[in-house]
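Colleague: Residue numbers (my numbering), protein chains in the order written: chain A, 1 to 333; chain E, 1 to 201.
Check each hint, because a few of them may be wrong.
[Unchecked claim] Here are the in silico distance ranges between beta carbons for each label pair: (1) A/M204 - E/G97: 48 to 54 Å; (2) E/G75 - A/E275: 26 to 32 Å; (3) A/D316 - E/G75: 25 to 31 Å.
Just so you know, the hints here were simulated from the structure itself, not pulled from any lab data. Idealized CB from N, CA, C, for every residue including glycine.
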Amino acid sequence: MTEHEDVRELLAAWAFGALDAADADRVRPHLAGCESCAAEAERLRETVRLLDGPPIGGLPARPATGLPPALLARRPTAPRTAAHAACYAAAVQALRALLPEAEGRWATPVVHDWDVHATVAHLLAADEALAGRLGIPARVPETVLPQDMRWEEAWARRTADVIAHEHARTPGETVASWAGQADALLATPEARDPELAARAELLMGLRLPVADHFAVRAFETWIHTDDIGRALGLVVPPPPEPHLDQLVRLAVRVLGLALGPEATPVLFSVTDGEEWVLGSSAEPVAAELTLDPVDFCLLMGGRTAPEEVPRGATGDAAAVRNVLEAAASLAWL
Amino acid sequence: MESTGEVPSNPAADEELHRRLVYGDESALAEVYAAYLPLVRRIAVRVTRTPGAAEDVAQEVFAQLWSRPYAYDPGRGTLRTWLSLLAHRRAVDWVRGEARHRKHAHADDDALRTVPEPGPGPDETVVDRERSLLLHSALAELPEPQREVVHLAYFAGRTYRQAAVELGIPEGTAKSRLRTALRSLAETLADPPDPARARGA
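Please construct the entire structure, taking both the sequences and the accompanying hints into account.
Modeller: Dropping the structure here:
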């Protein structure tokens, strides 16, 4: 390329003032000696000058001072909770912000045979169990179930009833019910007081402190938000670091319980995070397994298959497989 | 344009900010607001030429990010570019709306008359304002890849080399996109489109 062609290529950047000093030093002498480039440069710079417009007078200097309350108010404020419920409050915020994107697309298939509307209805049903224990009345007429029914079946029946009930209403009404129940959960004394949240409750086959049940609600809300995002073609980022850690610790605890004290011990860790020995504490560790924290959650949530999840593994392959399969088998979402 | 002195863009940092915005973290909005309000205001003022309207446009841009955070996808570009394009688009829309409104209110007015600034300016200033608006309208219609480079070079004070890095494109591509963009803007002036159409009427 000749110097002339080279400089000509730079003239638009020059006109925008977008050249570094070295480039500008090449343009200047060429323009002094090349009439056609000088004319082109003048034409382009005049265009930029016209884009600038005449000087704008009388502008007050406005420093950026804090967030205007009216701006913050454009989104419902997350209720203040204790740390154990903050992950659920944040997950509710993330789903609430996603649902306006579903406008006009409520019938988009999401997971199982649920569309977006039904997925929100499912969350209304799923949050209801904890809500009930914390004294919040159900928003959908009761489903009469036999006392001795297994929790998985009761859960599925209730979800089916709530979805049928909600499909007779508008998506907006279902969203309002789900969000109203979530807000009520976050306004309970148990959401604000760690001591009250230390009491154990048996829900969905898991006997856990209420604090952990809030984390279970956060986990399920996130997984379904991610489901809806995928269906709508939108990327849902994973929960912020401290919340993700909380979900990982919960998932490890549940996985440890499911494996039981007899399983061949595996040293399990999440990338750049904590490590735990899963299985028997009486034997030496037979294998090591490392998963990305988000992948681990997606495995526990049934969104990644055990044979496909990216992993770092050494040692006894059967022991590793046992852990991965146990994790996947816990998915109820 | 004046130098900006704003934070450098960093895709990992944008991704983390977006994650916190999605999960409703008000401190993430405060960080974005402090970092990008000057840029967003500068663009809105340049296009609307009306401080009050510019402030409304700026608030609307951040309200959009806060209330509809999924509209921004950090995998597709930096937050700076996204806010910059949105501010410009909203400001051009405001001016078009204003022009339409004025046209309806004063059907006999010269359709080319643009939004008045406080106090009457000399004729030359009025003509320059019209041309500026015409150019901003044309800029808003350029293909997005061209618009992104123009925004970084013109509004955000980046060299074309820095813009190339920020957009993840070769320097030669940034250079030629600037050239194509500025030439089509120059041609808009040489051969102005039907003013009614340019204002979205």
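Colleague: Hint by hint, say whether it matches the structure.
Modeller: So, going through the hints one by one against the coordinates:
{"no.": "1", "hint": "A/M204 - E/G97: 48 to 54 Å", "in the structure": "holds (52 Å)"}
{"no.": "2", "hint": "E/G75 - A/E275: 26 to 32 Å", "in the structure": "holds (31 Å)"}
{"no.": "3", "hint": "A/D316 - E/G75: 25 to 31 Å", "in the structure": "violated (38 Å)"}
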